[in-house]
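Quick mapping for you: the protein sequence lines, in order, are chains P and A.
Letter 27 of the first sequence, counting from 1, is numbered 28 in this note's numbering, and no numbers are missing.
Letter 45 of the second sequence, counting from 1, is numbered 51 in this note's numbering, and no numbers are missing.
Hints should not be assumed to be uniformly reliable.
[Claimed, not checked] The calculated DSS-like cross-link candidates involving lysine-lysine, where the alpha carbons are at most 30 Å apart (straight line), are:
id, chain 1, residue 1, chain 2, residue 2
1, A, LYS123, A, LYS145
2, A, LYS122, A, LYS145
3, A, LYS145, P, LYS59
4, P, LYS27, P, LYS59
5, P, LYS59, A, LYS122
6, P, LYS59, A, LYS123
[As the list claims (entries may be wrong)] Covered stretches of chain P, going by a simulated chain A footprint (3 or more residues, C-beta under 8 Å):
id, region
7, 44-58
8, 74-81
[As the list claims (entries may be wrong)] Computed beta-carbon distance windows for the label pairs:
id, chain 1, residue 1, chain 2, residue 2, range
9, P, GLY70, A, ARG107, 24 to 34 Å
10, P, GLY29, A, GLY136, 45 to 55 Å
11, A, ARG138, P, GLY19, 34 to 44 Å
12, A, THR137, P, PRO43, 22 to 32 Å
Derived from the structure by calculation, the hints contain no laboratory data.
Keep in mind the model is a prediction, meaning the values are calculated, not measured.
Beta carbons are placed, not taken as given, at the ideal position from N, Cα and C, and that holds for glycine.
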Amino acid sequence: MSTVTVQLFASYAESFGGPTLELPLKSGSTVADLLDHLRVLPGASILPDSPRVAVNRKFATADQVVGPGDEIALIPPVAGG
Amino acid sequence: MIRVALVTRAIDPAALIASIASTGYGAISLFAGTVRDTSDGRAVSAIDYSAYTSMAEAELEQIVAEAADRFGVTSLIVEHRIGVLSLGETSVAIVAAHAHRGPALDCTRYVIEEIKKRVPIWKMEHYIDGTREWVDPTKASGVTAK
């Protein structure tokens, strides 16, 4: 079991109370597994049914496997422009 | 010239047009997004833009590559501003040049629509009454933003 750092931004950072979270990571864990860990944390009520997650600066699918070396970020609804 | 940038200074659309101009082009299309004084019926005083900078730049690069390929545009500049903007200030500028107006216009439209879907930039609206709120375009509101 290792840990992974998840970056948070904007409304999610406010809701979870900071710009990063440390989550446990088993070998072979997927984006969906990380979201399961996130959902039990204080502040998780802000998350929609299917939050967007970026792995290494690209939008990821729920079944994508993540490792400790990956750059992982939770992406709130975007509002650029 | 194709380039994208997140900037923390004022955007100068006229300077972007000047930098892209060439006698080979018959059309230069500019889209400028600006800070409006109302949002969903509330009086806005300012908007604070923030970003996941490295991913936002990567997504912008991807979008302009797609647009260049799709519309045959070889001159395309996108600047998006980050930080606190006052009413009327330019938050985003897209300039596309082409021999003909169709591809230039279609290109700017494509880029702004894709920015709104997938570039990790967020805005917090500050209102005249002192309150503030993160803008969430996925939530239904009384007014449909188009």
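Structure-based check of each hint:
Pair hint LYS123(A) plus LYS145(A) holds up; C-alpha atoms about 14 Å apart against a cutoff of 30 Å. Restraint check for LYS122(A) and LYS145(A): satisfied, since their Cα atoms lie roughly 14 Å apart, inside the 30 Å limit. Among the hinted pairs, LYS145(A) with LYS59(P) is consistent with the structure: their alpha-carbon atoms are about 23 Å apart, no more than 30 Å. Between the alpha carbons of LYS27(P) and LYS59(P) the distance comes to roughly 22 Å, so the proposed pair stays at or under 30 Å and holds.
Restraint check: the Cα-Cα separation between LYS59(P) and LYS122(A) comes to about 16 Å, which is no more than 30 Å; the hinted pair holds. Between the alpha carbons of LYS59(P) and LYS123(A) the distance comes to roughly 14 Å, so the proposed pair stays at or under 30 Å and holds. By the rule of at least three residues with a Cβ nearer than 8 Å to a Cβ of chain A, the coverage given for the region 44-58 of chain P holds, with 3 such residues. Using a Cβ-Cβ cut-off of 8 Å, 7 residues of the region 74-81 of chain P lie near chain A, which meets the minimum of three, so the contact claim holds.
In this structure the supplied range 24 to 34 Å is violated for GLY70(P) paired with ARG107(A), their Cβ-Cβ distance being about 48 Å. A hinted range of 45 to 55 Å holds for the C-beta pair GLY29(P) and GLY136(A), which are about 49 Å apart. Taking the beta carbon of each, ARG138(A) and GLY19(P) are about 19 Å apart, not inside 34 to 44 Å as hinted. For THR137(A) paired with PRO43(P), a C-beta distance near 24 Å keeps the hint of 22 to 32 Å intact.
In summary, the numbered hints that this structure violates are 9 and 11.
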